[in-house]
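There are 2 protein chains.
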Amino acid sequence: MIIKLMAVTDGAHDTADLLRILLKVHPYVDYVQIREKNKPAGVIYQLCRELVKEGVPGRKLWINDRVDVTLLLGLQQAHIPGRGLPLIELQKQYPDLQFGTPVHSLEEAVQAEAAGAAYSLYGHCFPTASKKGKAPQPLSNLAEIRRRISIPLFGIGGITIDRLAKLKALELDGAAVMSGIFSAKEPVEAAKKLKEECLRLEAI
Amino acid sequence: MIIKLMAVTDGAHDTADLLRILLKVHPYVDYVQIREKNKPAGVIYQLCRELVKEGVPGRKLWINDRVDVTLLLGLQQAHIPGRGLPLIELQKQYPDLQFGTPVHSLEEAVQAEAAGAAYSLYGHCFPTASKKGKAPQPLSNLAEIRRRISIPLFGIGGITIDRLAKLKALELDGAAVMSGIFSAKEPVEAAKKLKEECLRLEAI
Chain A
1 MIIKLMAVTD GAHDTADLLR ILLKVHPYVD YVQIREKNKP AGVIYQLCRE
51 LVKEGVPGRK LWINDRVDVT LLLGLQQAHI PGRGLPLIEL QKQYPDLQFG
101 TPVHSLEEAV QAEAAGAAYS LYGHCFPTAS KKGKAPQPLS NLAEIRRRIS
151 IPLFGIGGIT IDRLAKLKAL ELDGAAVMSG IFSAKEPVEA AKKLKEECLR
201 LEAI
Chain B
1 MIIKLMAVTD GAHDTADLLR ILLKVHPYVD YVQIREKNKP AGVIYQLCRE
51 LVKEGVPGRK LWINDRVDVT LLLGLQQAHI PGRGLPLIEL QKQYPDLQFG
101 TPVHSLEEAV QAEAAGAAYS LYGHCFPTAS KKGKAPQPLS NLAEIRRRIS
151 IPLFGIGGIT IDRLAKLKAL ELDGAAVMSG IFSAKEPVEA AKKLKEECLR
201 LEAI
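Chains A and B are the protein sequences, given in the same order. Note that the first sequence covers residues 1 to 204 in the numbering used here. Note that the second sequence covers residues 1 to 204 in the numbering used here.
Since the hints were made in silico from the structure, they are not lab data. Positions of the beta carbon are idealized from the N, C-alpha and C atoms, including for glycine. Watch out, some of these pointers could steer you wrong.
If the Cβ cut is set under 7 Å, some of the chain A residues that face chain B in the computed set are [claimed, not checked]:
| # | residue |
| --- | --- |
| 1 | Ala-41 |
| 2 | Asp-65 |
| 3 | Arg-83 |
| 4 | Leu-87 |
| 5 | Glu-89 |
| 6 | Tyr-94 |
| 7 | Ala-143 |
| 8 | Ala-184 |
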């Protein structure tokens, strides 16, 4: 299986800038996670509405935390952060929706699967500027997690082109990339190169 | 009509403290607006679930901004802040729910009513610590707003016991009080005294 890519927005771009970047980045990635914790709900709503209007397929968009924005836009999935709404209650109320979630250990990964998560996002995998001073989660856990859960497993945190091979070797389903795309001088070029590496690894 | 009271939480208390205060304050107020912009959705959910479990009537609770928390708890109303989700879209998707909204001018008040708002919250009315350095909205607008809209009209901002008579004279339906309750040394006592003044004004 080819490694899937999720572009995770970093909250550092203004809305017009972000819209412009995402419209060019999305063709190179499988999913876009809108993680804009400091933007008001109305702004996130307008941004995502614009993305869909401009051709980003709704199934690609995972809005972080804001299930209400997700519902109002008629989208079918959301990413629920660690201190977000309870996954089990969400699944009960919205059985037709999918919810992804971050995990930091085998225990959390098993719980996430049991709670009906659509995917687990394990991290952070490598040292990264957005988690400065925090040691990465041990990659050694990933082999065990991979054996124990069958839902899609993504790595996040410090993902670079060189590190995609490592994730592939660990049989992960995908990589979620924040600063590797959104802090890059040329976000579109960065996304394109990540995609090319995924394709190259698949062909080996 | 007796002036209604809405207690608006100030985001300055930790969850356990807030729960304790609200359980004692709520009998003295008609509504509680949970305005905890820096608490994660999961925390707001747990807080409100606990409030309802401990006997606060659901119809009293207006959660600020988080329509998803509102829906997951099966509540019937939410307060939508200025940069929150679009009122018209919310009303379209959730015709059985009620949404209150802040206004700062006659124009906004008329728009809010046209958009189907359950109430308008005009402010800030008086100088207040939470809007330091910002001049209050002119109270003179309120007479015109009162004439032009028929949905409930609340005043917010710097509401004290002494100022309730002014709001009553302007024929407002209610007063929303944040620091007057939550920054008070004795929030429960403060709420009780506000309620007593509402009752006194009604009896004049």
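Hint check results:
1. Ala-41: Hint on Ala-41 of chain A: holds, closest Cβ of chain B at ~5 Å, below 7 Å.
2. Asp-65: 6 Å, holds
3. Arg-83: Check passed: Cβ of Arg-83 of chain A comes within 4 Å of chain B, closer than 7 Å.
4. Leu-87: Violated, about 10 Å.
5. Glu-89: Where the cut-off is 7 Å and the nearest Cβ of chain B is about 6 Å from Glu-89 of chain A, the hint holds.
6. Tyr-94: Violated, about 9 Å.
7. Ala-143: Where the cut-off is 7 Å and the nearest Cβ of chain B is about 30 Å from Ala-143 of chain A, the hint is violated.
8. Ala-184: 29 Å, violated
Violated hints, listed in ascending order, are 4, 6, 7, 8; each of the other numbered hints is respected by the structure.
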